[in-house]
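Asker: Using the sequences provided together with the hints, build the complete structure.
There are 2 protein chains.
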Amino acid sequence: MADADPRITLDYNNCMADAAGDEHLLAESDFDGIADQAGEVAQLIADQRKAGALPYLDLPYKADQVKRIHEYVNENGDQFDDVVVLGIGGSALGTIAVHAACKGLTYNLLPRDARGGPRLFVVDNVDPAHVAAVLDLVDLRRALVVVISKSGETAETMAQFLICRDLLRAQLGADYVRHVVIITDRKEGPLRPVAKRELFEPFDVPDGVGGRFSVLSPVGLLPLAMVGVNIDRLLQGAAAMDQRCRETDFRRNPAFMSGAIQYLYYLKGKPLSVMMPYSQALRDVADWYRQLWAESLGKIRKENGREVFVGPTPIKALGVTDQHSQVQLYREGPNDKIFTLIAVKDFGRDVPIPPADNPKDSFGYLGGNTLRELMDAERRATTWALTKSRRPNVTVALPRVDEHTVGQLLYMLEVQTSFTGEMLRINPYDQPGVEDGKRATFALMGREGYECLRAEIESQQPDPKYVI
Amino acid sequence: MADADPRITLDYNNCMADAAGDEHLLAESDFDGIADQAGEVAQLIADQRKAGALPYLDLPYKADQVKRIHEYVNENGDQFDDVVVLGIGGSALGTIAVHAACKGLTYNLLPRDARGGPRLFVVDNVDPAHVAAVLDLVDLRRALVVVISKSGETAETMAQFLICRDLLRAQLGADYVRHVVIITDRKEGPLRPVAKRELFEPFDVPDGVGGRFSVLSPVGLLPLAMVGVNIDRLLQGAAAMDQRCRETDFRRNPAFMSGAIQYLYYLKGKPLSVMMPYSQALRDVADWYRQLWAESLGKIRKENGREVFVGPTPIKALGVTDQHSQVQLYREGPNDKIFTLIAVKDFGRDVPIPPADNPKDSFGYLGGNTLRELMDAERRATTWALTKSRRPNVTVALPRVDEHTVGQLLYMLEVQTSFTGEMLRINPYDQPGVEDGKRATFALMGREGYECLRAEIESQQPDPKYVI
Numbered sequence: 013m014a015d016a017d018p019r020i021t022l023d024y025n026n027c028m029a030d031a032a033g034d035e036h037l038l039a040e041s042d043f044d045g046i047a048d049q050a051g052e053v054a055q056l057i058a059d060q061r062k063a064g065a066l067p068y069l070d071l072p073y074k075a076d077q078v079k080r081i082h083e084y085v086n087e088n089g090d091q092f093d094d095v096v097v098l099g100i101g102g103s104a105l106g107t108i109a110v111h112a113a114c115k116g117l118t119y120n121l122l123p124r125d126a127r128g129g130p131r132l133f134v135v136d137n138v139d140p141a142h143v144a145a146v147l148d149l150v151d152l153r154r155a156l157v158v159v160i161s162k163s164g165e166t167a168e169t170m171a172q173f174l175i176c177r178d179l180l181r182a183q184l185g186a187d188y189v190r191h192v193v194i195i196t197d198r199k200e201g202p203l204r205p206v207a208k209r210e211l212f213e214p215f216d217v218p219d220g221v222g223g224r225f226s227v228l229s230p231v232g233l234l235p236l237a238m239v240g241v242n243i244d245r246l247l248q249g250a251a252a253m254d255q256r257c258r259e260t261d262f263r264r265n266p267a268f269m270s271g272a273i274q275y276l277y278y279l280k281g282k283p284l285s286v287m288m289p290y291s292q293a294l295r296d297v298a299d300w301y302r303q304l305w306a307e308s309l310g311k312i313r314k315e316n317g318r319e320v321f322v323g324p325t326p327i328k329a330l331g332v333t334d335q336h337s338q339v340q341l342y343r344e345g346p347n348d349k350i351f352t353l354i355a356v357k358d359f360g361r362d363v364p365i366p367p368a369d370n371p372k373d374s375f376g377y378l379g380g381n382t383l384r385e386l387m388d389a390e391r392r393a394t395t396w397a398l399t400k401s402r403r404p405n406v407t408v409a410l411p412r413v414d415e416h417t418v419g420q421l422l423y424m425l426e427v428q429t430s431f432t433g434e435m436l437r438i439n440p441y442d443q444p445g446v447e448d449g450k451r452a453t454f455a456l457m458g459r460e461g462y463e464c465l466r467a468e469i470e471s472q473q474p475d476p477k478y479v480i
Numbered sequence: 013m014a015d016a017d018p019r020i021t022l023d024y025n026n027c028m029a030d031a032a033g034d035e036h037l038l039a040e041s042d043f044d045g046i047a048d049q050a051g052e053v054a055q056l057i058a059d060q061r062k063a064g065a066l067p068y069l070d071l072p073y074k075a076d077q078v079k080r081i082h083e084y085v086n087e088n089g090d091q092f093d094d095v096v097v098l099g100i101g102g103s104a105l106g107t108i109a110v111h112a113a114c115k116g117l118t119y120n121l122l123p124r125d126a127r128g129g130p131r132l133f134v135v136d137n138v139d140p141a142h143v144a145a146v147l148d149l150v151d152l153r154r155a156l157v158v159v160i161s162k163s164g165e166t167a168e169t170m171a172q173f174l175i176c177r178d179l180l181r182a183q184l185g186a187d188y189v190r191h192v193v194i195i196t197d198r199k200e201g202p203l204r205p206v207a208k209r210e211l212f213e214p215f216d217v218p219d220g221v222g223g224r225f226s227v228l229s230p231v232g233l234l235p236l237a238m239v240g241v242n243i244d245r246l247l248q249g250a251a252a253m254d255q256r257c258r259e260t261d262f263r264r265n266p267a268f269m270s271g272a273i274q275y276l277y278y279l280k281g282k283p284l285s286v287m288m289p290y291s292q293a294l295r296d297v298a299d300w301y302r303q304l305w306a307e308s309l310g311k312i313r314k315e316n317g318r319e320v321f322v323g324p325t326p327i328k329a330l331g332v333t334d335q336h337s338q339v340q341l342y343r344e345g346p347n348d349k350i351f352t353l354i355a356v357k358d359f360g361r362d363v364p365i366p367p368a369d370n371p372k373d374s375f376g377y378l379g380g381n382t383l384r385e386l387m388d389a390e391r392r393a394t395t396w397a398l399t400k401s402r403r404p405n406v407t408v409a410l411p412r413v414d415e416h417t418v419g420q421l422l423y424m425l426e427v428q429t430s431f432t433g434e435m436l437r438i439n440p441y442d443q444p445g446v447e448d449g450k451r452a453t454f455a456l457m458g459r460e461g462y463e464c465l466r467a468e469i470e471s472q473q474p475d476p477k478y479v480i
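So the sequences go chain by chain: A and B. By this note's numbering, the letter at position 399 of the first sequence is numbered 411, and the numbering carries on one by one without gaps. By this note's numbering, the letter at position 301 of the second sequence is numbered 313, and the numbering carries on one by one without gaps.
Honestly, the hints are just simulated from the structure, not real lab data. All clues stand as given, with none of them false.
Listed next, the in silico DSS-like pairs over lysine-lysine satisfying Cα-Cα at most 27 Å (straight line):
#1 A:Lys400 x A:Lys328
#2 B:Lys372 x A:Lys199
#3 B:Lys74 x B:Lys62
#4 A:Lys400 x A:Lys280
#5 A:Lys314 x A:Lys280
#6 A:Lys372 x B:Lys450
#7 B:Lys477 x A:Lys280
#8 B:Lys372 x A:Lys208
#9 B:Lys328 x A:Lys328
#10 A:Lys280 x B:Lys280
#11 A:Lys357 x A:Lys400
#12 A:Lys199 x A:Lys450
#13 A:Lys450 x A:Lys314
#14 B:Lys199 x A:Lys372
#15 B:Lys450 x A:Lys400
#16 B:Lys314 x B:Lys280
#17 A:Lys357 x B:Lys450
#18 B:Lys79 x B:Lys208
#19 A:Lys62 x A:Lys74
#20 B:Lys62 x B:Lys79
#21 A:Lys450 x B:Lys328
#22 A:Lys328 x A:Lys280
#23 B:Lys208 x A:Lys372
#24 A:Lys450 x A:Lys328
#25 B:Lys400 x A:Lys450
#26 B:Lys372 x A:Lys450
#27 B:Lys280 x B:Lys400
#28 A:Lys400 x B:Lys477
#29 A:Lys477 x B:Lys357
#30 B:Lys450 x A:Lys328
#31 B:Lys400 x A:Lys314
#32 B:Lys400 x B:Lys328
#33 A:Lys74 x A:Lys199
#34 B:Lys199 x B:Lys74
#35 B:Lys280 x A:Lys477
Computed from a predicted structure; not experimentally measured.
Answerer: Below, the structure written as structure tokens:
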């Protein structure tokens, strides 16, 4: 990689013991112990990719798709004041995370010329008060509505679509068509025929790419490009990480090594995986990761006819903010967590701290430093304090926060997820546990064919003696 | 309580078994088993209160304090376009939570007349890019800066104070004094003399009230009143809950009963406590609770000279959004969680879902319902699915989201925390585990007297062989 494209690094010093036997640290022998299995998983992932079974890995290289997105944005970008994304879960979290990382959390409050693109509203809930409040803010006559659902069956997204389409038609007449983009399965589901019938611009959720692995497909790229994120650099960063992730020796592959550490600590009685970025802009990357990790790895594993409930629980934290909220627990609570801190070297901006009026004021030591230095000191202090309490932690370091480094980070975490899932011997790509809830929602909303389930659910009335 | 003040309820049906012996459910005998201890804890809390050792419990009744806040806001409220809170942890999370609950998450994007008050920026991080971006947005000549630190030693807040004071002086000259409010300890710490010297308006963090229990003191009330939150109703809600929480039979006290359920499940191998509001506006209440729960209960307990690491880990989730992110894990991952869902009956607004063009479209069943109905169906579906997977869950129901119900909720959760802490036999009011990190930050920032610690920390250089 050229110097212009600095790479992110994984530092796992604070997990390593000099010798085996420490229950909270790892020794070389722990890695030796999983080397054969890790080698098999590395080979499996390479074979699956070759066979076309892991298309998410090839998303950084879809030049045609990216070209079409650029063409759409070039033709339409200037016409809209707002981009409204209707999507939930994997159709929302990647866009939110990358946008916040590259454009900051104050983006929507900036004047248009400072933003350089439309405002972005990702409506990933159906709370009526919140949806109504967002619709109050948006002039739909100057907005693009991006509807994202692979299946076209997502109740939340389809309800939002029906609402927005109705408003668009009322306000724009026939011209409403230009205000809707549909991103859905290439062939299946009810949204594809809707797009065809109404002549909405359609983009594909690529075959075989699940929602939580789809941020580098049109699902993320189209809205991100609309609001001025440099998607070429994002994909270049992902491609650069892909090169490093093709390494089959897991000790030299940052995604596999990170996954191996997570796997080993899961076996060692630390089922909680905390991601704590020391960067406000990366806050929502931890939220995206939360879905990736939970939905991929939280699975029932069948073992000799028995069901085993498997999966680490991801936890999102934020440095330095959560030092004043969670670190008490992290240091003195149960030693059941592995921490991934994210460090940033260059924040792009810095703020000097002026001296105190009276140098003898107890906070006088701050003067003459900068906020970057304070941020860095706090991160190092937390790392030191965690390690002192024997709480294992790794640090992923980003030279800076931009499209290239975020592309590297997301891709690394995706590959880490595949690796860890295979090590845990579960299927990281399905989500059978959410089907019952979807069916129950259909039933309670009166969908045809679900009458019996509805009756079953409604028969369960709470006993008032357990309500206070 | 009058009908005009509807009360929140706790429904724990989905924890209850008909008979004892189910590892994932509770039986009446479980409650019988802790009744003596719960009775003692109830008495202890009542005694402590009487002795003046739990002043947070009396915050709803400080009429003088509230009067002074109203006077300040009446005199100054109109002069400011923005309120900037400099505070972190307990000085920030309560304000964020109550403001979002009562004013919604789009508040800052609304025009002034729709907002009815200044914008609110709670700057609870020192990320230089983020702080600089917020300062870009705010015209300090039209802003009130509220500096909140009980000790006056909080590095993050004091750094922000030095930066903002410098900018205010440069832009306003002597008039800058009117733009700063200090909320700090009544007597101790360096901020009190600063306020005195520079004639800043001072408010007190009441004696004996820790940050995470301080939302109903000036820490929360002053900024909340400035941005139009009805703090009288907030306190009335808290007082109404206080009446219910004086009940010493824990089974009839919602805070104690909720704490008892959390305690029993902690003992039964479910150390993860998930709070999942089905309300976008209550999202940040879960974040406030995360500090309250983690920092209060994550403690080292000394037992026969041994150290036991105690404490449940709170997890913040959001309905319906996180159904598409976390519910897979919640149902098929390890059965190690107790869930608290928050239900809302009346969202204040509703959005009808129009019919599909083609009633045979597979999403046609949605038409004719409303978003409130969908939100409610999804919550019930999740509750049902969790219960079906034998994942215990309770539901706290709010008739609506407003100052009164939020006051009830916060107060209940505070009392629940005191109760659970005493049941766990730890001190819920201190936070010794964060001291090392603070000292390490002082050391790395060059504070006098910390030279040895700095040398110690800096001597620990990462071994490059564990960096990839």
